[in-house]
Amino acid sequence: MHLFDATRRFYGGNAIVAGGLPVAVGLALADHMNARPNVTACIFGDGAMAEGEFHESANLAALWKLPVLFCCENNRYAMGTALAREHAQTDLATRAASYGMIAWAVDGMDVEAVAEATRRAVDEIRGGGGPCFLELRTYRFRAHSMYDPDRYREKSEIEQWKQSDPIPALAGQRWRPDMTKPTAAATAAAPATGAATEGLQTTYREALREAHRDALTRDPRVFLMGEDVGRYGGCFAVSLGLLEEFGPERIRDAPLSESGFTGAGIGAALGGMRPIVEIMTVNFSLLAMDQILNNAATLLHMSGGSCRFRWWCG
Amino acid sequence: MTTGAGRQLAAQHSHSLEGWYAHIPGLRVLAPATIEDARGMLWPALQDPDPVLIFEHSSLYNLTGTLPAGAAQVDIARAAVRRPGTDVTMITYGGSLGKVLTAAQTLAEEGIQAEVIDLRVLRPLDDEIILASVRSTHRVVIIDEAWRTGSLSAEIAARIAEQAFYDLDAPIERVCGAEVPTPYAKHLEDAALPQPADIVAAARRAVAPNE
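In order, the protein sequence lines correspond to chains A and B. Numbered per my numbering, the first sequence finishes at 423, counting up by one with no gaps. Numbered per my numbering, the second sequence finishes at 339, counting up by one with no gaps.
Since the hints were made in silico from the structure, they are not lab data. What you are looking at is a predicted structure, and each value in this text was computed from that prediction instead of being measured. Where a beta carbon is used, it is the ideal one built from N, C-alpha and C, also for glycine. Hints are all accurate, no fakes.
Across the chosen pairs, the derived CB separations fall in these ranges:
#1 B:Ala236 with A:His111: 56 to 62 Å
#2 A:Leu395 with B:Gly198: 35 to 41 Å
#3 B:His151 with A:Ser273: 45 to 51 Å
#4 A:Gly414 with B:Asp203: 23 to 29 Å
One chain only, chain A, in its complex shape (with noise of 0.2 Å):
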C-alpha cells in the first residue's frame, strides 16, 4: 500500500479504494496534452468498480481518448462481499465497455495470457483510441488482511481454485520478459516572464479573470478544468471569453463529476503541469472531499517526499 517511488513513475497505493483511478486519468492526461508516449496503468479490484470514482474516471478517461490502461484484478470478492453481493452485472468487462472502450475479459490465472492482453492493450492505446480495460479473472487464496476470519466463503472454494495456481504453472514455463520499454519523458517548458501593470476601474470577476489570463500566458504548463468552464464561459462569468482565447486542450469543460476531474487535476499536476481546477461552488466541493483530503493534501507525505507538485482549485 505503501510503496512509493515517483522517479520510476509508480505513484503507490490508495487506501481508499478507486481513489487513485482519478489521479491515473489525471497522469495521462497530462501525457496527452505533452504529447508524451506513456501510458498510465492503474490496478484496482471489483470491489473499486462499485465506486463512483471509478465510473468519472472510466467516462473522462474515455471520453478525451486518454492513455490509460483500466486493469481490473477481479479476484470475486471486495474484501468479504462476493461478487454476486455487490454488483448487478458480474461481467465487469461489459460493464466498462458501456464507456466506449475496449475491455477484455482475461484469464487472471495465467500469466501468459495476461501479459499478452497487456502487450495487446498497450499497443491500442498507443494507436491512440483512448483507454483500455482488463478484467483479469483470477481469486486470493488467503484472507483479506490479518484481521481477516475468511468465514464468508467455503474452503473447498479456495481449494479449487488453487488447482490453478498461477505460480506452479509459469514454474515449468520459459518466461519473456520482452514486454515494457523506457520511454523519454518530455520536459515541460520553463515558465516565460511577464508583468502586467494595471492601474485600472475593474471589477472582482474581471480580476480574477485577468489573473487566469496571465497565468495561461506566463505558463505553458496552466490549464483551467472544470464544469462549464468553456463554452459556458464560467457558472460566474469568470472565465468567459478564455476558451476562445486559449482553446478547448486548456480551458476544458469537463464532466459533471467533481471526484473525477478534482483526481485528475492532482494527476496532471503530478505530471508535471500545473492545472485550475474550477469547483463551481463550496457544496460540490464535498463530492471531491475524498480527492482534496485523501490525495492533494497528503501525497507529499505519502509519497515519502517525492510528490511535491502545484496544484490550484478555486
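Once you have looked at the hints, place chain B on chain A.
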C-alpha cells in the same frame, strides 16, 4: 470555488465550508476579499509547493474598484489590516469584510475606533497580526458567516485565549451564521447571516461589557 450565502440560493448552495478545508494539514486555503487579492493570488498559488484552495465569496463578483498598478502578485502568507483602530479588533475574511468595514464606519461615528483584520489566508492562520492587534486593543470581535460550532471563528478565539488571554479586557465576541440550513426567503436569509448591525452591537458589548 464559490462560497457563501446572500443570494437566495437556499440550503444547498449557501454554505461557507472553507473552515473545513482550513482544518486539513497539507493545504493552503485563501479567501480573496478585495479586487487586488482576486487579481494577485492565483500566480503565487500556482508557484506554491502545496496544493492551494481559493474561495471566492459569491457576493463579491460585481465588486467594483481600482486595481493599483503592479498588483499582479500579492503575498499568500499574511493577513492584512484593512482599517487601523485602537478600541476593538474585528477579525473577518471574504464576503464579510465589506459588512465589517460598514460596521466600523458606524462605530467611528460613535467614537469607537475599530481595527479591521482581513485574514486573507485561512490556513495557515497569521497569528502574528491577530495577536499584535489584540494586544493593542484588548478587545476582539470575530465575524464569520460560517456556522459557529467547530468553526474557524472558534479556532481563532481559542488561539487568542491560549496566547493573549491576559491582554483581553472583555470576553471574545463572535458574530456567526445562524445554525440552521440557510433559508430561501430573503428576510430569513438576512436574519441568518451576520449583518452590520449585529457586528456593531457585538463591538459595543466588547468595548463596554458591563453596560
